[in-house]
Structures are given as structure tokens and as C-alpha cells.
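Same order as they appear, the protein sequences are chains A, B, C and D.
The first sequence begins at 21 in the working numbering and counts up one residue at a time.
The second sequence begins at 21 in the working numbering and counts up one residue at a time.
The third sequence begins at 2 in the working numbering and counts up one residue at a time.
The fourth sequence begins at 2 in the working numbering and counts up one residue at a time.
Because the hints were derived from the structure by calculation, they are not lab data.
Here the structure is a predicted model, which is why all the values come from computation and not from measurement.
Please note: incorrect hints may appear among the correct ones.
[To be verified] Selected chain A positions facing chain B (Cβ under 10 Å, derived; list incomplete):
hint, residue
1, 61
2, 63
3, 67
4, 69
5, 140
6, 142
7, 162
8, 163
9, 164
[As the list claims (entries may be wrong)] Computed beta-carbon distance windows for the label pairs:
hint, chain 1, residue 1, chain 2, residue 2, range
10, A, 225, D, 17, 33 to 39 Å
11, A, 109, B, 219, 42 to 48 Å
12, C, 42, B, 63, 33 to 39 Å
13, A, 109, C, 81, 54 to 60 Å
14, D, 37, C, 81, 46 to 52 Å
15, A, 23, C, 40, 50 to 56 Å
16, B, 225, C, 217, 26 to 32 Å
17, B, 248, A, 61, 56 to 62 Å
18, A, 217, B, 93, 31 to 37 Å
19, B, 219, C, 63, 18 to 24 Å
20, A, 152, C, 217, 36 to 42 Å
21, D, 21, A, 154, 41 to 47 Å
22, B, 93, C, 124, 41 to 47 Å
From the three backbone atoms N, C-alpha and C, an ideal C-beta is built for every residue, glycine too.
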Amino acid sequence: MIDKTVTDAAAAVAGIPDGATVMIGGFGRAGQPVELIDALIDGGATGLTIVNNNAGNGDTGLAALLAKKRVRKIVCSFPRQHDSWVFDELYRAGEIELELVPQGNLAERIRAAGAGIGAFFSPTGVGTTLADGKEERTIDGRRYVLEYPIRADYALISAWKGDRWGNLVYRETARNFGPIMATAAATTVVQVDEIVPLGALDPEAVVTPGIFVDRVVAVGERPWLHAGAFVGGVDIEGRPAPFEASGTAEVEQ
Amino acid sequence: MIDKTVTDAAAAVAGIPDGATVMIGGFGRAGQPVELIDALIDGGATGLTIVNNNAGNGDTGLAALLAKKRVRKIVCSFPRQHDSWVFDELYRAGEIELELVPQGNLAERIRAAGAGIGAFFSPTGVGTTLADGKEERTIDGRRYVLEYPIRADYALISAWKGDRWGNLVYRETARNFGPIMATAAATTVVQVDEIVPLGALDPEAVVTPGIFVDRVVAVGERPWLHAGAFVGGVDIEGRPAPFEASGTAEVEQ
Amino acid sequence: MSTRLSRDHLARRIAADIPEGAYVNLGIGAPTLVANYLPHDLEIILHTENGLLGMGEAPQPGRIDPDLINAGKQPVTALAGAAYFHHADSFAMMRGGHLGVCVLGAFQVSQTGDLANWSTGAPGAIPAVGGAMDLAIGAKRVYVMTDLLTKTGESKLVDACTYPLTGVGCVNRVYTDHAVFDIEAGRFAVREAFGDNTVPSLAELIGLELIDRTDAAASVPGD
Amino acid sequence: MSTRLSRDHLARRIAADIPEGAYVNLGIGAPTLVANYLPHDLEIILHTENGLLGMGEAPQPGRIDPDLINAGKQPVTALAGAAYFHHADSFAMMRGGHLGVCVLGAFQVSQTGDLANWSTGAPGAIPAVGGAMDLAIGAKRVYVMTDLLTKTGESKLVDACTYPLTGVGCVNRVYTDHAVFDIEAGRFAVREAFGDNTVPSLAELIGLELIDRTDAAASVPGD
């Protein structure tokens, strides 16, 4: 019997060595595998290269990993946010290396790694400083730069539900980088709300087939759901928040 | 109100000119948009370049289009099948041009067209006659050939259900080339069993978002379904076939 | 002192140019205001780079769903007819030219259509580009929404950008608080001047020769 | 006359080398027989290039579903735990090295691991390649299933292929009716000789020097 489920987050991230390249899913907080990141912090690995769209929010998750100075380099498209103070301080102090990649090139380079593409010509970034030093070519009258795959030793991602074969479905825009990162890492580790029986996921709606997944751990239902249905009652960071009828939401910008 | 639905197959394929490049979905018979092809035949367009995985089966659908000598050139991976007699005869008579493309390069070149990729390095076909004359490059010790996008003026595809925005879901392995061809054509035309109300398709399970679709026509439920459920009772070509308890299936090889 | 449209009026002006059925991406910051002025009786489909077509309005406070956000990481909703997809598919949609319109902010736009909107190039600044470069080269029509002048009175419409570029020759139209400009063969063309602005007064503010297209019939942009 | 395994016995022999949990693609033709011998108590996941992981057995005659076929366009079924995907994703899976094993037929295999299995290059023949070239370069382990000799008695294991290539240096192991060969540093290594075949008798049939690995412990291939 194939059983990719593991009992806890520590087992899920076991074996990630110092110096590893680790993709971490999520766009801002949505889809960020916080429990896996916490386990990675507890595991002690350091000198990591992290691939993520951002560079951490607030003081939890990826930001906490950065704060512990476990990250040598980050590859991302949008590090600077209103709540990226942990990264900002490390960057200004010269304690973290940054490779800035336009978001679409980041996504496509991750996909290329998973899809066995050696390199591809992208129109994004042509003529900008982010294309400095890259090979350029004009094809059918349009300028392109050559972009290479981004691979990882591990991918840590968050999905909604998974089964013991590693088939996954996601939830809304928390899907983001999960499906492509799952294809691009030697070992893909997934946290899900719930592990469902084999056959419970509609084969037409599986987003990540289990072939891309190595380990799955259930971490319990996200606080804004109850029995799989949206119930709300949280702020944008997912913290329980009693809202008045006249209340205003805390909104990121 | 956005309404991409059209009333019949003739309206769906209206405007396809002589000499057009037309992608036609399907893998063998599965997912082949037979009603749209019939309408294309009725429409009279000729001198077409067709992109399809195969080169027609039996005497219907794509094979019928070929038999009418409307096709100047076909781009495909697997023309020769046990039931490709229409193509075989035209090819041997020198009446149709063939561009043979390894199936994965065919799929990826179609995707590249839809994804705005100028060209990509593929490891498939390296060192074979199908890479003759193509640019080759070694990247990280592996050999690749440079492959260019395949675009079309029209894509004719078959899906299972669609809505008036053009959102689509497919059925089983009839999905095949539909989703990528939808992205790679200037005008994408879809036949579906049924047009469902907006909101009836699960947004997590939509395979082709409506942005890629221009026209949708309902052609009625496929014969092996009843009210959306599989009932069987057909042979592999979809023809009603009374099976004995001891009967044997007609099986292609 | 010339007439200036408020940011909300400008958002309304841009919204009026977006036809029913358009697929639209609104950049973070001021362009998101445009959503507030899209007519409710028209179906216009909003794309957000983080994997959603058919984005709806902000949720009620008690109904915030942290899994459902826009590119600015604000909570949103999804319309009936929406679809979710992953990041490679979302940016394939952008890069592949499937979006009809995007509206972006700007530091500078050159008269050849170059856009600078992601970095001032200031030493010590932390760079962040996000999806701006993909949008700039991807959408069929790239609209910029910006004040014409910086806070210190310099024109953001320039002969050549001095800030780091986001994209080369990618901008089709610039909506400013003073006027609407098209890019025509390497020159700014005034399409509509607001209030008491005139082509000569705008030329003086900008310091460049301008083409006068204020008599052109209002056109609905294709998508 | 040396001992030859029947095609079904050879399929059984190959099936025995496929471990539980492997993701496997069986090429059209003889390799599909391997599916009949995969142990029912092991979970081995079959991929078909036309968009399915978790392919099951052939359906009962009255239950043929024309939407659910394999690469050979035969009707199949899907297991609980299956997933469907489109062609670009299916071939990304293959090209990206995610399949553990594929089993392919062959016209010729060279001792450097080149495979020729898609065209005899005969004038007038209609070429058709399908997914063979993608499988040849994509799977982690590429197994060939073939008779050792052609109908006219020539060895299909050769110094260098004379037929058009499918892939260069891609074959890991060749299962023939006479013996099992690994490719080792540009030479065929006999891993297992069936019946009264011996390394010398095989070398005579093939006409090449062979490495003797018949004493190697049976290994379970990695996936």
C-alpha cells in the first residue's frame, strides 16, 4: 500500500540539510505552510536558500525562519511589503542575499524545472535591469530573454485536502505556487487540513496528482472553515476577530 | 451580459477562411469535436493547415475533412493508425503535407503559444531525425533542441460542460489537447454536451477559464451518458452496441 | 492653475473606457479604485495575478477569507462564473496576451511607451517587482493611471525614463489628472484635456511637443 | 537452439522488477502485457500519456467508455485515487523525470543505450512517433521489452543503431526473450540469462563482447 502520510510536521520536514534549497508555497500569507515552516525552524537547518514569492510577513512563518537567521539567500519577486520588517532589517544589514525575479518568470522557471525544459525565452523583463547579463534574442520581431529553471531540494507547500497517494486539492487563491513547486523539488512535502480516503477526491478536480508529492501531513482545519464550509470570523491574518456590525476590517495594502 | 454561446455548429465555425491554421482537439476519437468538424466541412473552407495529435480515424470527423481534400498540411505526432486509411492514401499520393512532431513537443509548443513563450529548449528528439536542422544546445550537461510555439487562427475543441462565459470542464481522457489548444488560437470554438448556468461549474474545478474561449455550442449529451452519468452500452467508437453477457469488445490496437 | 481630476474621478474616467466582456487586471495601488466605478450592469471580468478570474468586491468584515485575496493581499470575493488556477497558468494568461486591459501606476512614462513603475533606483531602497513586468508586456492594452506631475512638480511624462524600466514600449495610454494621452509613433498625443487644460498648456507642463488628438471621436478601446 | 521466454513470461519477468509505489508508463504493443502481471496486492500507478494517472484494467464489454482510453486508444478504467490532466501537463510529467519506469518496444538498442523504435526508415513508410521520444528521454528508468532477434535472425542489440533513433543514450535495461541486459558504460551486461542461454552463447548471437553480471544479486530498481 502506498502511504505518503506522516504523523506530524517534524516527520514531514525530516532530513532537510543545512544549505538546502527549499521552495515555500504561498502568496503573502495565503497558502503559506506555516506549520511546516515552524517544523523546519525546530529542525535547525541553516544556510538555506528559500524560493517564495515574498520574503515573509509579520513575525510568523517565513518571517520567523528569516528572523532565526537560517536563510542565506532568498529568491522572490516581491520582498518589500508593509509587514516585511524582518526581511527589511536583514537586507539592510547585508545579512541576506536577494535574487529578485519578475513574478511570471519566477512561476515559469519553477514550472520549467518540473517540466524538464532546459531554458525558455520570456518577453518579461526585456530591457530592464532584471535582464542585465541575460541572453537576449529577437524572435518574430519580439525581444525575449533566456530564463533557466529553478529547482529545489525540497518544496514545502500547503493544500486543502490530500489522500494517501498524495493527490491534492487547494482552496481559492491559496493555490498559487503550490502546484508548480510540487513539480520542481526532489522532495515535496505538503500540509493539508485533512487527509481524505483514496477515491474521495474527484479525479477531474485533482490539481496536483500524487506523483509530485512525497509526504503529506494533516494539520487540522483552517480557523475560518468549519466542517469544510466557510464560516469566517477572522481577520486577514486568520486570527479570530470579533467583528461589530459596524466594524471595519483590517486591510493590507 | 457576456454570452459566448451560439445556437448551432454552423454559427460556431463561421468565418474560418481558406488557408487558415486550425487546431482540432482530441486524441484519436476521444475529445474529437466531430460536430464542429462536420460544420467546418459544410462551411467549405479549404487549403487548411490542421494541428491534431493524429490524422483522422475511420471515415468521420477529421478523416472526413481530409477525404474532402480541404487540408493542405497536417501537424501531428501519430498519423499512422489501423484506421487512418484516409490520411494514408492522401499521403502516399503526395496530396497532403505532414509535419511530424513528437507528442510532448507538440503539446508544449501549443502551450508555449498560449503562454507567450518565444521558444524553449526541449530534451525530446535530441539526436533524432526529427531534430534535424534545429538549434541544439547543451545546458547543465544535457542536450536540448530549440522548439518554437505553434499558434492557430482557430481552435475547435470538445468539452463536457460550459457556461456562457466560456468556462469549461472536460471528461476523463477526452480532456487531452483541449485546454492547451484553447489558449493558442486567435479564436477558440468549443462544442459541449450542455451549457450550464453561470455559477454551476465549481470554480476550483474549471479546467479552461472562459478568457480562452470565444464561442460555445451545445451539441447534446454523448451517447454513453444519461443525465450526466455513465451508462455505457457503446463500442469504442461510441456507436450503440448490444453486448451479450459473453460478448467481446471491439478493441483497437 | 490648471484643472485636475481627483483620483476617484480619474478612476471613473478610466472605467468608462472599459467595455463589457473585457478581461482586466488592475494593478495594486490607485488602479484598484477603477473597480469601484465599473458599471454594475456590465459584465467585466477582473483578473488577479494570484490565480483568479472573476474577482468580486471586498467582503463584509466578518466574512473575510484569508484564502481569497487579490494581488495587493487584500481580501476579496469571487463572482459566480469565477475560476481559480495556479501561478504558472495565471502568468501564462498575462504573458500570452489574453488580458484585454491592464491599468498600472507609474513613476515615469516615456513618449516611446516605456514604463518605469517598480523602482526609483534610490540607493538602499529594497527592490520589489511582483507582477508589474509581466503585466506591462502582457496585456493587449496597457493603461497607466497617474498624476501628471510629481510632488515636486516634474512631469512624469518624459522623453526618456530616468528610473529603472518596467517594460519597453509597452504603454498604450496614460490617464493623468490633467489629461488623457495616447502614445503615437514615439510621441504623446493628447486625447482629452480636462477642464481648462489645453494642448499648449500641457506641452508647457511636460516640456515636450504633443500631438493634438482632442478632436478625435471618443473611441472604445478594443480588447 | 537456446531457450526463449514467451512474451507473457517476459512480461511477468518485467512486472516482477517493478516495486510498489512506482509510477509506470507501458508503451503501446507488447509492453502493455506487463500490466497483466503486476501483483494485485501491490499499488503500482500506471500513467497513460493521454492524461491519466491511476489507469485500471479494461472495462467489461458493455461498460466501454469512449472518453476513457489509453495511449493505444483501447478502453480502460480509472482506479480510486486517479487523476486526469491535459496533454501539456502529462508530457511535463514525462519530460520532467517524474515517472519511475517506462517499458518500450524496440527495433534496435545500441550498447550506448540508443533506442530505435519508431521508424524503420523504409522509403514510403508513413512515419508516426507519438510519445515515444518523450518517454525515452523522460522516465527515470527506461526498460526495453523485445525479442533478441528479428524474424530474420539479426540481433536487435547492436553496436550502433541503423534505424532512425528515438532517443540517445536513454535505455537502462533490455528485457529480451533470451536474457536481461543492462547498459554499463557503453557495453551490454548480461544480468540474467534464461534457460540454457549463456554469456558466450548470447555474445555469439549478438556479435558483441558482453559483460557478465549474471552473478550480481537481483536488485530492485529504484524509482
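| message | Hint validation: residue 142 of chain A versus chain B, beta carbon distance must be below 10 Å. Holds or violated? | response | Hint holds; residue 142 of chain A Cβ to chain B Cβ min 7 Å, cut 10 Å.
| request: Report holds or violated for the interface hint on residue 61 of chain A, using the least CB-CB distance to chain B and a cut-off of 10 Å. | output: Residue 61 of chain A check fails; min Cβ-Cβ to chain B is 31 Å, beyond 10 Å.
| message | Does the beta carbon distance between residue 248 of chain B and residue 61 of chain A stay inside 56 to 62 Å, or does it fall outside? | response | 48 Å, violated
| query | Taking the closest Cβ pair, is residue 162 of chain A under 10 Å from chain B? | reply | 7 Å, holds
| task | For the hint on residue 63 of chain A, just tell me whether its beta-carbon gets within less than 10 Å of chain B. | result | Not OK, violated: residue 63 of chain A not within 10 Å of chain B, min 29 Å.
| Cβ-Cβ distance between residue 152 of chain A and residue 217 of chain C: within 36 to 42 Å? | 39 Å, holds
| request: Verify the interface restraint on residue 140 of chain A: the C-beta must sit less than 10 Å from at least one C-beta of chain B. | output: 4 Å, holds
| Given hint residue 67 of chain A near chain B, where the shortest CB pair must fall under 10 Å | Since chain B brings no Cβ nearer than about 23 Å to residue 67 of chain A, farther than 10 Å, the hint is violated.
| said: Is 33 to 39 Å respected by the C-beta to C-beta distance linking residue 42 of chain C and residue 63 of chain B? | reply: Cβ of residue 42 of chain C to Cβ of residue 63 of chain B: about 36 Å, so the range 33 to 39 Å holds.
| task | Go through the hint on residue 163 of chain A and say holds or violated, using the shortest Cβ distance to chain B against 10 Å. | result | Hint on residue 163 of chain A: holds, closest Cβ of chain B at ~9 Å, below 10 Å.
| task | Take the C-beta atom of residue 217 of chain A and the C-beta atom of residue 93 of chain B, compute their distance, and say whether it sits inside 31 to 37 Å. | result | 50 Å, violated
| request: Take the C-beta atom of residue 225 of chain A and the C-beta atom of residue 17 of chain D, compute their distance, and say whether it sits inside 33 to 39 Å. | output: 35 Å, holds
Checked against the numbered hints listed earlier, the structure breaks hints 1, 2, 3, 4, 13, 16, 17, 18, 22; every other hint is satisfied.
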